[in-house]
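Participant: Below are the chains, spelled out letter by letter.
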Amino acid sequence: MKRRYFIQQASAGTALVTLGSLGLQSFTSVEKTSKITILHTNDVHSHIDAFGPEDGRNANKGGVARRASLVESIRKENPNTLLLDAGDIFQGTPYFNYYGGELEFKLMSKLKYDAATIGNHDFDNGIDGLFAQLPHAEFQFVSANYDFSNTIMDTHTKPYKIFKKDGITIGVFGLGIELAGLVDPSLYKETKYLDPIEITQDMSRILKEDEQCDLIICLSHLGYHYRNNQSKISDLKLASTTKNIDLIIGGHTHTFLPKPTIVKNIEGKNMLVNQVGCYGINLGKIDFYFDSDKNKSANGTSIIV
Amino acid sequence: MRFTHLFILLIFFIFSGCKHKKLTLSKIEGSQIQITDSLIPDSEIEAYIKPFRDNIQKDLDSVLAYSADTYSKTDGELNTAIGNFMADAVYDEANPVFKSRTGHEIDMVLLNHGGIRSILSKGSVSKRTAFELMPFENSVVVVALKSQQIDSLINYLVRAKRAHPISNLKLTLDKDFNVIEAKIKGEPIKPDKTYYVATNDYLYNGGDNMTFFKNNDSLYVLNYKIRNALIDNFMKKDTIKPVRDDRFIQIK
Chain U
1 MKRRYFIQQA SAGTALVTLG SLGLQSFTSV EKTSKITILH TNDVHSHIDA FGPEDGRNAN
61 KGGVARRASL VESIRKENPN TLLLDAGDIF QGTPYFNYYG GELEFKLMSK LKYDAATIGN
121 HDFDNGIDGL FAQLPHAEFQ FVSANYDFSN TIMDTHTKPY KIFKKDGITI GVFGLGIELA
181 GLVDPSLYKE TKYLDPIEIT QDMSRILKED EQCDLIICLS HLGYHYRNNQ SKISDLKLAS
241 TTKNIDLIIG GHTHTFLPKP TIVKNIEGKN MLVNQVGCYG INLGKIDFYF DSDKNKSANG
301 TSIIV
Chain L
1 MRFTHLFILL IFFIFSGCKH KKLTLSKIEG SQIQITDSLI PDSEIEAYIK PFRDNIQKDL
61 DSVLAYSADT YSKTDGELNT AIGNFMADAV YDEANPVFKS RTGHEIDMVL LNHGGIRSIL
121 SKGSVSKRTA FELMPFENSV VVVALKSQQI DSLINYLVRA KRAHPISNLK LTLDKDFNVI
181 EAKIKGEPIK PDKTYYVATN DYLYNGGDNM TFFKNNDSLY VLNYKIRNAL IDNFMKKDTI
241 KPVRDDRFIQ IK
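Going down the list, the protein sequences come from chains U and L.
Just so it is clear: in the first sequence, position 142 is 142 by full-length UniProt numbering, and no numbers are missing.
Just so it is clear: in the second sequence, position 205 is 205 by full-length UniProt numbering, and no numbers are missing.
In short, the hints are calculated from the structure, not lab data.
It cannot be assumed that every hint is accurate.
In silico DMTMM-like pairs for lysine to aspartate or glutamate, Cα to Cα no more than 20 Å straight-line [stated by the list, open to error]: (1) U:K112 / L:E44; (2) U:K110 / U:E138; (3) U:K106 / L:E46.
Partner residues are not named here, just some residues of chain U that face chain L (Cβ under 7 Å, in silico) [unchecked claim]: (4) A59; (5) A68; (6) Y98; (7) H136; (8) N282; (9) I286; (10) Y289; (11) S292; (12) T301; (13) S302; (14) I303.
All C-beta atoms, glycine included, are put in the ideal place defined by N, C-alpha and C.
Pulled out of the complex, with its shape left as it was, chain U reads as follows (with noise of 0.2 Å):
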């Protein structure tokens, strides 16, 4: 951190320097940009089928084929694409009382997601019963805040992922919610839960200052807000009390936006919280444009939401 804040500093001074650099600029291309797309989902509780036409709520609505073939598209339009789940994969439709989550996990593969945190309900066939159907996803499981190392999860999860897109360096962390008091204690065994905040501080770090990423993606299963329980940690809590985040998104409360909320985080900086609601209805899109030109760079990141 000290090292590229001195060399940022000595740069801006020093004008034989910008001549020297300016020969460099040839071979990289001023007027590159990039585009990269965070597709999203979060609390799809195994619901694979759409909902029949019959549905009170949802008539005609979610289906994987259907969130498939939307994917390929965007995918198609912005190869730079992520697909991320922000945990609660299972539990919810007899897919999961018969097949334990194997198919679900087989389809996310087969969609290709990137990544993926875990939900509470994630642990509803015990640690022992997610365990058994990680051969099934070829995708990987953040999580930062809970400390495997006394089950056998111990070694398959990891506290973040960096993917590399068209020279942009993401990192995706992952944070779960306190289990205690919410899943059965025989069920998640000696799975620790540490606290979020803190966590959060100890990965921006590492992710903005040791792996130098370009942006910052928390995926969250604690809740997007807890109007009776302003204590509780929450998506929105999360975001202003921390920094060097772009992007929360999040799930468990099974919000549904009008649209990403803009909060403020500690340095008072913008940055976006988002969540999709439940069940597979909607695909959350969250486009990051990068740029080398510094005239726009200067005005600052513009949301538009």
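With chain U fixed as given, assemble chain L onto it according to the hints.
Facilitator: Frame of chain U, contents of chain L only:
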């Protein structure tokens, strides 16, 4: 020596010059796309799901029993035929499991009225029926309660005035809602006796404000889902024909 230093510094600066060319985030656009029937399903994914779906549907819809009538949780004030069926089924199916593991017998069952999630329709009964009645994953637990806690349980039922499903408990109230008879397995409740009460993990954990379970002597987790108890019960019966009876009544 000095020249070398300068050279290193120069390389540093050139490097930093490149760093400055690093792309910066200029714009973010957020949107949400509804998954609707206007999207054409991916045929390969659809074909992949089909055998799983067919297998589930075949299993869910295979007929296990026959329901003599249509039963609803709203046809009865303090006890209903459908609630009696569910509580009795839990007793019948869970008691042998509990007995084989602990040597004790279940004394009574208490479920909750809100936990009856659908009607039981006249005609064919299948696993799908059990999924409709009990879509949740709750499991049977048996709690050892002292007679004082049984009193709390009874007080709860009297105050609630709802047809919470019970089995092997008999309660009679007078017109002012005073308890005039309370029996477990046909016998008056004895002070200092421990009663084994079967319920589900949701209620044990205080669901529906059933706070009396928590000061218990001990808890027995059977790892037996309520839904599976219903399915097992369906499989044993040709005809489901429950009745509203006198297990919880008020004499007006």
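Participant: Please go over all the hints and tell whether each is borne out by the structure.
Facilitator: Results of checking the hints against the structure:
Using a Cα cut-off of 20 Å, the hinted pair K112 (chain U) and E44 (chain L) holds, with the two alpha carbons roughly 14 Å apart. Our distance criterion of 20 Å between C-alpha atoms is met by K110 (chain U) and E138 (chain U), whose separation comes to about 8 Å. Restraint check for K106 (chain U) and E46 (chain L): the C-alpha separation of about 13 Å stays at or below 20 Å, so the hint holds. For the restraint placing A59 (chain U) at the interface with chain L, the shortest Cβ-Cβ distance is roughly 9 Å, beyond the 7 Å limit, so the hint is violated.
Because the closest C-beta pair between A68 (chain U) and chain L is about 4 Å apart, less than 7 Å, the hint holds. Because the smallest distance between the Cβ of Y98 (chain U) and any Cβ of chain L comes to about 5 Å, under 7 Å, the interface hint for this residue holds. This hint is violated: H136 (chain U) has a C-beta 12 Å from the nearest C-beta of chain L, more than the 7 Å allowed. For N282 (chain U), the interface hint holds, the least distance from its beta-carbon to any beta-carbon of chain L being 5 Å, beneath 7 Å.
Among the interface hints, the one on I286 (chain U) holds; its C-beta lies about 5 Å from the nearest C-beta in chain L, closer than the 7 Å criterion. Taking 7 Å as the C-beta contact cut-off toward chain L, the hint placing Y289 (chain U) at the interface holds, the least distance being around 4 Å. Because the smallest distance between the Cβ of S292 (chain U) and any Cβ of chain L comes to about 5 Å, under 7 Å, the interface hint for this residue holds. The interface hint given for T301 (chain U) holds, since its Cβ lies 5 Å from the closest Cβ of chain L, which is under the 7 Å cut-off.
Residue-level restraint check for S302 (chain U) holds (minimum Cβ-Cβ distance to chain L is 5 Å; threshold 7 Å). For the restraint placing I303 (chain U) at the interface with chain L, the shortest Cβ-Cβ distance is roughly 5 Å, inside the 7 Å limit, so the hint holds.
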